[in-house]
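Asks: Note that the protein sequences, when read in sequence, are chains G and V. At position 9 of the first sequence (counting the first as 1) the number is 9 in our numbering, and the numbers step up by one without a gap. Throughout, our numbering is defined as the position within the second sequence, counted from one, plus 155.
Calculated directly from the structure, the hints in this document are not laboratory data. Incorrect hints may have been included.
[To be verified] Derived CB-CB ranges, DEER-like:
#	chain 1	residue 1	chain 2	residue 2	range
1	G	96	V	301	22 to 32 Å
2	V	179	G	140	52 to 62 Å
3	V	199	G	19	36 to 46 Å
4	V	187	G	148	43 to 53 Å
5	G	49	V	268	28 to 38 Å
6	G	107	V	226	34 to 44 Å
Ideal placement from N, C-alpha and C gives every residue a C-beta, glycine not left out.
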Amino acid sequence: MNPEMKIIREVNIQAENFYGEAVKLGDHAAYALKAPHRSQMTNLENIAESAFKATDIFDYIKKQTARFSYWRQPFPENKASNAGFGESLKHYLEHDLKDKLATICGPKRLNIGDKTDEEKQERRLIYLLLIRQFIRQLVVEYEYQVSLGSRKREA
Amino acid sequence: MLSAAQLQKIWLLSDTVLYPEAVSFMRKLVQDQDCDPLPASQVAGLLSIAESMKYDDLHRFVLHQRDRNWPPSKRDIKTFYTALEEALSLMQRKRLKEEFHLVTGEQGRSVSEARQELDELMALLAREFIQHLAAENGLLAAQLDDERKKQRMSRR
Numbered sequence: 001m002n003p004e005m006k007i008i009r010e011v012n013i014q015a016e017n018f019y020g021e022a023v024k025l026g027d028h029a030a031y032a033l034k035a036p037h038r039s040q041m042t043n044l045e046n047i048a049e050s051a052f053k054a055t056d057i058f059d060y061i062k063k064q065t066a067r068f069s070y071w072r073q074p075f076p077e078n079k080a081s082n083a084g085f086g087e088s089l090k091h092y093l094e095h096d097l098k099d100k101l102a103t104i105c106g107p108k109r110l111n112i113g114d115k116t117d118e119e120k121q122e123r124r125l126i127y128l129l130l131i132r133q134f135i136r137q138l139v140v141e142y143e144y145q146v147s148l149g150s151r152k153r154e155a
Numbered sequence: 156m157l158s159a160a161q162l163q164k165i166w167l168l169s170d171t172v173l174y175p176e177a178v179s180f181m182r183k184l185v186q187d188q189d190c191d192p193l194p195a196s197q198v199a200g201l202l203s204i205a206e207s208m209k210y211d212d213l214h215r216f217v218l219h220q221r222d223r224n225w226p227p228s229k230r231d232i233k234t235f236y237t238a239l240e241e242a243l244s245l246m247q248r249k250r251l252k253e254e255f256h257l258v259t260g261e262q263g264r265s266v267s268e269a270r271q272e273l274d275e276l277m278a279l280l281a282r283e284f285i286q287h288l289a290a291e292n293g294l295l296a297a298q299l300d301d302e303r304k305k306q307r308m309s310r311r
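Bound conformation, chain V alone (with noise of 0.2 Å):
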């Protein structure tokens, strides 16, 4: 169980550095990489696995599909969640620790203590970070399809 002092510390994290790289995140794939947005039905799915909790299941399913065999057409989805994979892996594996300096590392606790505390950490900084990419993400779609739409009235 994270104590008040960790969750207010995440609330920080997130509205002074996640809010903003997830932001950072999305127009660097949308503007500059010129990748689609994530489809609704992928964001639906992926902040359904982020909101269950465990780290485990949400790092699973990122790597499935990273790794699964999209066709071209969908190559982009295959491009995002390989940049997901790499920010939440850069967040586990160093921030956390480092940067964030949300561990408690409190003398006495077993092994098993000690990873559930980091499964816990790991999966609401997740939970947040991809709660601001989706929102950026329908944000960038929408315009999109504004700017499509324009296009459209214009050339008739």
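Okay, chain G solo, but in the shape it has when bound (with noise of 0.2 Å):
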């Protein structure tokens, strides 16, 4: 297999293994932006799919964060923790998604170092990849809950 392939492959293998919790910030943030604040998500999306860098993501969540308090309410529904959405995302990307990286760049798996430049930049779009797919798969369960919400009204 190519190393391209590879890649895909693990990227993948990632994503089935965080989809719960792509599922549970999914269901956090139509309770925190519901409906109307539809288009902050599909906003989200397009920063994430058009990104050169994880830290345009991480700031687009930041000033959204600072700026609607919505992003800083908290999910009734997660006892274990008080934080809000936009904090709650960006922890999860910047510290258990970047371990997810470790993993899968780790000697057992696509064994990418972290020493030269080139594995640098290597592991730097895998990131790049892995956030992508979480977001989409954060965006498709906000559109969900949103839509069985506006539903369960019109019923």
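Two chains, each in its own frame: build the complex with the hints.
Replies: This is how it looks when you write it as structure tokens:
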């Protein structure tokens, strides 16, 4: 298998593993942002898809969190944490996904080091792929929940 | 004109070096030194200059803001610009060549070409750093605001 295909396969395996977390954060987003702020989720997805740097995505999340109080709203269903949506998302991307990146780049999987610039660039791109995949899943769940909510109201 | 390799290196530096440094920079000022976050009008001005691409203009702006005679109520703004000027100067004097290894140093280039490359590199690095500062600054300002609201509510 060529290196690109190996990377895609590993990212897809991780996407299966973090699906549950993406759903939780998608539910949190639906609770906090609700349907009227749908464009902010679309923007998040667009930024993730087009960003050259993971930190462009983090900066966007920070800006939205600072600007809109609903991005700072905790999720009552999450008894373990009182963190708002923006903070929870930022934490997951910055820490949990970083750990997954380290796992798939480790010697037993893709075996990509962290010493040379070339290796670091490769890791940067894989990190972006993981973030994109996670945000796609999150936004799908958000859309599903808000549409479910509006259908319930219509009924 | 910077090469694709230089741009990619800057993106990498932005993610791995400048972002964590910008977060520490703001937290040190706001959480350790009890400074107020930078007001939104200052952030907007700084971002707009940083996006203008010319490093000289940005540096002049930072120096001007640092050296202004701020009233005591706005002394934190002076503290911010003093720290920012130090960070940018260190980046330009030392880190650009010795740590970031971004300068190509091609043979046969004129002094003005070499200077232009340095200017473009610094403009991009400074812009990345300032964008990260602005995002963290906003987050800290919102957190402080929420805390103050909670305190006011609990006093009632």
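Asks: The structure should be examined with respect to each hint, and the outcome stated for every one.
Replies: The hints, checked one at a time:
no.: 1; hint: 96/G - 301/V: 22 to 32 Å; verdict: holds, 24 Å
no.: 2; hint: 179/V - 140/G: 52 to 62 Å; verdict: violated, 35 Å
no.: 3; hint: 199/V - 19/G: 36 to 46 Å; verdict: holds, 39 Å
no.: 4; hint: 187/V - 148/G: 43 to 53 Å; verdict: holds, 46 Å
no.: 5; hint: 49/G - 268/V: 28 to 38 Å; verdict: holds, 36 Å
no.: 6; hint: 107/G - 226/V: 34 to 44 Å; verdict: violated, 59 Å
Checked against the numbered hints listed earlier, the structure breaks hints 2, 6; every other hint is satisfied.
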